Amino acid sequence: MPSFRFTVDGRRVSVNAEPEMPLLYALRNDLGLDNPHFGCGLAQCGACTVHLDGEPVRSCVLPVSAASGRTVTTLKGLGTPDKPHPLQAAYVEEQVPQCGYCINGWVMTAAAYLKKNPKASDAQLRDALAGLKCRCGTHVAILRAIKRAQARLA
Amino acid sequence: MTTLTRREFLKTSGALVVSFAAPPLTGALAQVAGGKPALVPTELDSWIAVLPDGRVQAFFGKMDMGQGLEVVIAQIVADELDVACDKVDVLMGDTGTSCNQGGASGSTGVSNGGRLLRSAAAEARRLLLESGSKRLGVPAEQLRVEEGIILSQDGRKVAYSELVGGKYFHHPVEWNKQVGNAMDIKVRAKPKTPQEYRVVGKSFARRDVAWKVYGTDRFVTDVRVKGMLHARVIRPPRAACKVRGVDEASIRSIRGARVVREKDFVAVVAPREWDAVRAAQMLKVDWHALDGAFPAMDSLHEHIRSAKVVKREEPVKKGDLAAAFSAPGVRIVEAQYEWPFQSHASMGPGCAVADAKADRCTVWTGSQKPHFVRDGVAKLLGMAPEKVRAIWVAGPGSYGRNDAGDAALDAAFLSKAAGKPVRVQGMRADGTAWDPKGPACVHRARAAIDASGKVIGYEFVAKGFSRQHIATNESDPADSLVGQATGIPAKGTQIFGVPAESYGFENKLLAWETIAPLVENCSPLRTAHMRDPVGPEIHFGAEQFIDELAAAVGEDPVAFRLRYLTDPRHQAVVKAAAEKAGWQARNSSERTMKGRGIAFAERNGTAVAAVAEVEVERSTGRIWARRVVVAHDCGLVINPQGLRYTIEGNVVQGISRAVYEQVRFDRDAVSSVDWASYPILEMQDAPAAIEVVLINRPEVAPSGAGEPTMRVIPAAVANAFFDATGVRLRKAPLNAERVKAALSRA
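Residue numbers (my numbering), protein chains in the order written: chain E, 1 to 154; chain F, 155 to 900.
Next up, chain E with everything else stripped away, as it sits in the complex:
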């Protein structure tokens, strides 16, 4: 099996895998990075989202070969309890997650979007977050948290 080298959360890594194996399996099983979750394997829910060179991608359909030589960021690379990303701090303050399985996708997608459009309106945020799923119905809390983070970023 060929070997693919890339950077994850500031660490240089190498994974031996079939080129078409989705990045998600490399992150979870080869590198032990569990925060991207398997939700659908079809890029329909976002639970597997990571940043590839700063852009949100669905790692459940992105071949590991496509990450070669590039920089991957996972939820843990975004922020930690000691150095939280403003979105993470806001999510904790607003007590957003219920089952919590989808949260990775919402935080990673919103973090990338707010970089481009920190002052996004409610309507823009709703559009930007289209395609993400939350089965527990925490959408209203998610919007509250993002607006709280926006206030902090402003």
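In case anyone wonders, no lab produced these hints; they're calculated from the structure.
Values in this document were obtained by computation on a predicted structure and should not be read as measured data.
Backbone N, C-alpha and C fix where the C-beta goes; we use that ideal spot for every residue, glycine too.
You may find that some hints are simply not true.
Said to hold, decoys possible - Interface residues of chain E toward chain F, partial, derived using beta-carbon atoms under 7 angstroms:
#: 1; residue: R11
#: 2; residue: N29
#: 3; residue: C40
#: 4; residue: K76
#: 5; residue: P81
#: 6; residue: Q98
#: 7; residue: Y101
#: 8; residue: I103
Stated by the list, open to error - Here are the simulated distance ranges between beta carbons:
#: 9; chain 1: F; residue 1: L716; chain 2: E; residue 2: L42; range: 42 to 50 angstroms
#: 10; chain 1: E; residue 1: D127; chain 2: F; residue 2: E488; range: 22 to 30 angstroms
#: 11; chain 1: E; residue 1: R152; chain 2: F; residue 2: A538; range: 49 to 57 angstroms
#: 12; chain 1: E; residue 1: D127; chain 2: F; residue 2: A476; range: 51 to 59 angstroms
Place chain F on chain E using the hints.
Frame of chain E; chain F shown alone:
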């Protein structure tokens, strides 16, 4: 005080070690010396422990599915024991450390689960005071407790930890001999009165939020056991399939992949997960399929209407209905309402890890009922239940008996067959097409109105597939796909339900009827409990019909409900919701494509009313529930913030089920296999505002909140749609296609 992270705490307590080797069964009380009594409901030590450092452990046989139950239990125990809330750790869902209180079930986490833990904590405090009294030589009545320290009036003190930390209570409690939700104990201590609560009633933060936001702890999908194999189960391409043969050579090119087959159960296992996924895609299985197991989807409700009734019950029957309907001069109003099959469609497909040895088995499961998983695995593997340990680890969403229950038994079966630990997770279709479904149904409603406009006769008959084609838990392999595929026939229970309300119509019949399942065994349309079982289904009809009656007599929907509801708590939530929403009676003949609707229901002691404000787009058929107001009375409120967020989740999931969700199928198979073919609500359609009015009744024992709001949302939205458009939508979901069609006919 040192605050431990959840993982550090679990490490310390030994309840769940990071490597996920099975923790020792005595681990939870490892710091406590002395012989541990058996884990039985009759021992106080099965419920509560005081550790040498003064921390308290509560052993809880129910689970927090993300609605904040964990901290609520800590609050209840802290109040009874007079310790700080953050000194109480709640250990949930490990059959090695807790008794079977039924898991997450029926919104009984606080009402039943909390009641028991309250009794246990009160009894522990009584014993500690007794012991402190001896130590200090002061009568117990003259002692008080502050933060786990017993104090006398003259300033002497002794800490709980000095009295019992390091020892077991070895104290019997009286068990009511019930297992599951009804489990309860009787103790000598008298629990505190609501006036004495200091911790209950306050919004303590949940304990599972930070690790979920920072990704610092694990879901069940992240459990890894040394040497484990990855598995994928191959569900049949159609309902009612038998396996003729499996071509094992078809996956020969994948290193280490192999087939496990027993009768009609087929799976692949491989050391690498991606190999298991590929092998499942590549494996050639020769299926013997039965054609046309299902009716055409368009005729589903016609099938239900005409199907033979298997069981009928009439839980509410009073007066003389026949006389009322044939009274001279009465006007008859009739309507029927239809609800589709719905899928739990949890965020991630079911997952479990099992390590089956010859004489014992450990299962890590996301099922909300791990004690029943233990029982089911024991039966499946032919072991005594005490040889099986089921450990709950937070799963990818759970709203009832979803596919997590099947995954647990699949994993155990495969681990035994493969002789190694096995992790199984479904693919998306396993979570959408193959999870147990909420039942499709048709409701017939009829009312007789006399010349004065009074409703003198009322009849509501719910008819549908049973809500329990398979049981509400996985304690019997007959209720699992692996059990049925390996030859254990489904048992099935016939049960449905009727509206829960207090409308005082003089002559009244509330009845239900069930029909036979479409396919007996291994059916992707088998039914089981899904959040508020039959609640949204029934009240979608019942609460629309109440609106139709109000319209028939020309009365405002709020005023009509208040006229007939007899229970003051029911009236109170209707009034509170209407008031908060700024409800004004008006002539509804003006149709502006904006409207508001109300719905009310009761659920096991909890009363809830919702007002939905909707906007309808004629060109697209989109319904947007812009604002939803909920008034909620579940007795004593323990954690207002947690309760609000639980209600919010119900509102959004309720809108999703009312407007978007239906399981699609053709004559042979379920065709809802992913999020494209089973759409749910997305962010663009989330309400702009959800406003919650909590009616706190400290004098009333708390009832549930995990589900009641779900049942009023669909009718509130449908009633608002009528208010906006003048058109009744009596078939759920109220999706764009249906809205456009209805408006073009209007």
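Outcome of the hint check:
Interface hint status for E:R11: violated, as the beta-carbon distance to the closest one in chain F is roughly 16 angstroms, over 7 angstroms. Restraint check, E:N29 versus chain F: the minimum CB separation of about 5 angstroms is within 7 angstroms; hint holds. With 7 angstroms as the threshold, the beta carbon of E:C40 comes within range of chain F, its nearest partner Cβ sitting at about 4 angstroms, so the hint holds. Restraint check, E:K76 versus chain F: the minimum CB separation of about 5 angstroms is within 7 angstroms; hint holds.
Annotation: E:P81 was flagged as interfacial toward chain F, and the flag holds, the nearest CB pair being 5 angstroms apart, inside 7 angstroms. For E:Q98, the suggested interface contact is upheld, since its CB lies about 3 angstroms from the closest CB of chain F, less than 7 angstroms. At a threshold of 7 angstroms, the smallest CB-CB gap from E:Y101 to chain F is about 4 angstroms, leaving the interface hint in force. Checking E:I103 against chain F: minimum C-beta separation of about 6 angstroms stays under 7 angstroms; hint holds.
Distance hint check: the CB atoms of F:L716 and E:L42 are about 49 angstroms apart, consistent with the given range 42 to 50 angstroms. Separated by about 44 angstroms at the C-beta atoms, E:D127 and F:E488 break the suggested range of 22 to 30 angstroms. A hinted range of 49 to 57 angstroms for the beta carbons of E:R152 and F:A538 is consistent with their spacing of about 56 angstroms. Checked against the hint of 51 to 59 angstroms, the C-beta distance between E:D127 and F:A476 comes to roughly 57 angstroms, which is consistent with it.
In this structure, the hints that do not hold are numbers 1, 10, in rising order.
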